[in-house]
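Trainee: Here are the chains, one letter per residue:
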Amino acid sequence: MSLWEYANPTKFMQTSGAVLPWVSWLAAAVLAAALVWGFFLTPDDFRQGATVKIVFIHVPAAMMAINAWIMMLVTSLVWLVRRHHVSALAAKAAAPVGVTMTLVALVTGAVWGQPMWGTWWAWDPRLTSFLILFLFYLGYIALWEAVEDPDTAADLTSVLCLVGSVFAVLSRYAVNFWNQGLHQGASLSVAPGERMNEAFRHPLYLAMAGFVLLFLALVLARTRTEIRARRLKALIARERMG
Amino acid sequence: MRAVLMRDLALAVRAGGGFGLALAFFLMVAVLVPLGVGPEGATLGRIAPGILWVGALLACLLSLDRIFALDWEDGSLDLLATAPIPMEAVVAMKSLAHWMVTGLPLVLLAPVLGVLLSLPPAGQPWLVLALAVGTPALSVIGTFGAALTVGIRRGGLLLSLIVLPLYVPTLVFGAEAVARGAAGQANATPLLLLAGITAGAAGLLPFATAAAIRVNLR
Chain F
1 MSLWEYANPT KFMQTSGAVL PWVSWLAAAV LAAALVWGFF LTPDDFRQGA
51 TVKIVFIHVP AAMMAINAWI MMLVTSLVWL VRRHHVSALA AKAAAPVGVT
101 MTLVALVTGA VWGQPMWGTW WAWDPRLTSF LILFLFYLGY IALWEAVEDP
151 DTAADLTSVL CLVGSVFAVL SRYAVNFWNQ GLHQGASLSV APGERMNEAF
201 RHPLYLAMAG FVLLFLALVL ARTRTEIRAR RLKALIARER MG
Chain A
243 MRAVLMRDLA LAVRAGGGFG LALAFFLMVA VLVPLGVGPE GATLGRIAPG
293 ILWVGALLAC LLSLDRIFAL DWEDGSLDLL ATAPIPMEAV VAMKSLAHWM
343 VTGLPLVLLA PVLGVLLSLP PAGQPWLVLA LAVGTPALSV IGTFGAALTV
393 GIRRGGLLLS LIVLPLYVPT LVFGAEAVAR GAAGQANATP LLLLAGITAG
443 AAGLLPFATA AAIRVNLR
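Line by line, the protein sequences are chains F and A. Residues in the first sequence are numbered consecutively from 1, following this note's numbering. Residues in the second sequence are numbered consecutively from 243, following this note's numbering.
Hints in this document: simulated from the structure, not taken from any laboratory. Just so you know, not all the hints are guaranteed correct.
Unchecked claim - Covered stretches of chain F (chain A as the covering partner; in silico rule of three or more C-beta atoms under 8 Å from a C-beta of chain A):
#1 29-40
#2 150-157
As the list claims (entries may be wrong) - Only part of the chain A face toward chain F is listed, based on derived beta-carbon distances under 8 Å:
#3 L277
#4 G280
#5 F386
#6 F415
What you are looking at is a predicted structure, and each value in this text was computed from that prediction instead of being measured. We put the beta carbon where it would ideally sit given N, CA and C, even for glycine.
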């Protein structure tokens, strides 16, 4: 029993088909619990009032936006090294989810920034690097869409993902250098002075778990769709030949 | 390798090669911006480093799809792939040729445009130095983008969508180096970082570019 068994599409379809409903329902339950807890059962912040509760969407979405790219990086590497189609399709499936998470983080950040900083948008390093990450996602998705041959598309997007990762990290440090920020530091720092109060921290952890499950469910479902679409294409091609 | 370089240079300089197009575009940007922003010298001088860098970026972008597209269409790219030199060397030479026909003229023209945009005199040498150090990175990164999109019809727009985010670090450090130099501040840090990006990109990206070309020729 090794991880590579799931490189076999049939095996992957079987297992993911069995797991997917569980993951989906678990994601829904955890997210519902976390958001109800976060929105209704936590006190208002004494300076920020009720707007602080945006944190329960903003932070997990931002976390998944970055994690989705890291997942794409790993699956792209697996595709380049071991040529497993499921891996390439998983990277393809994760990109639209990642770009949505980035957009959610940007929009909730703007909604939060308006009452707190008095502006929807500031050219703060964190905000700017998220906008740049959004552009990287767009380029990646556009390249997948533009190349017709699926294997060529998988190869080219994988190379782009590798190079893009390096440049995304570089951009992160470049914009740090370029402008000082409004954005607060790490939300989940473990240093005692900077740490969030428990009343907020615990529902936030739950919301993050919910977003991870949501991401997993969406990527599994999308990967299954991609595999089916690929099989359908093969069947149609065979019909035409025969 | 010299033959590849000379061939690309000759193709670019002869009629229909589009040599000077990027230069004219760069000039256009420098003329249009004051018309849009207003003629006040103080404002222009402050935004000049950024405008000149963005202009250089866009001018560079303009000619990227020519790097491989014509060779792809007439099949000479296949010949280059079977030539007895590694693909990495071919793409490195193509980047170099692209830089010599677009980047280098931009560097030489930049001081004139700096005067047009009333860049403070203290910034002039830094503008030339930063562009000289940074534009090779633009060509190398652009060659990578061109290699990714070579097989795609009407890939020009896609090319800019892919390449422009990759230009962000170069732009930030380049413009910062000029702006700090113009303001009389120490700018060794951004210049060194810019040089680092150029060196890193020139050293490593040809491998990715060659991989993309091989995939497209498969």
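Trainee: Hint by hint, note whether the structure agrees.
Mentor: Okay, the hints, checked on the actual structure:
Counting residues of the stretch 29-40 of chain F whose CB lies closer than 8 Å to any CB of chain A gives 0, so the stated coverage by that chain is violated, three being the minimum. Here the stretch 150-157 of chain F counts 3 residues with a CB under 8 Å from a CB of chain A, which clears the bar of 3, and the coverage holds. Residue-level restraint check for A/L277 is violated (minimum Cβ-Cβ distance to chain F is 25 Å; threshold 8 Å). A least Cβ separation of about 22 Å between A/G280 and chain F goes past the 8 Å threshold, and the interface hint is therefore violated.
This hint holds: A/F386 has a C-beta 6 Å from the nearest C-beta of chain F, less than the 8 Å allowed. With a cut of 8 Å, the hint placing A/F415 at the interface with chain F holds, because the nearest CB-to-CB distance is about 6 Å.
Checked against the numbered hints above, the structure violates hints 1, 3 and 4; every other hint is satisfied.
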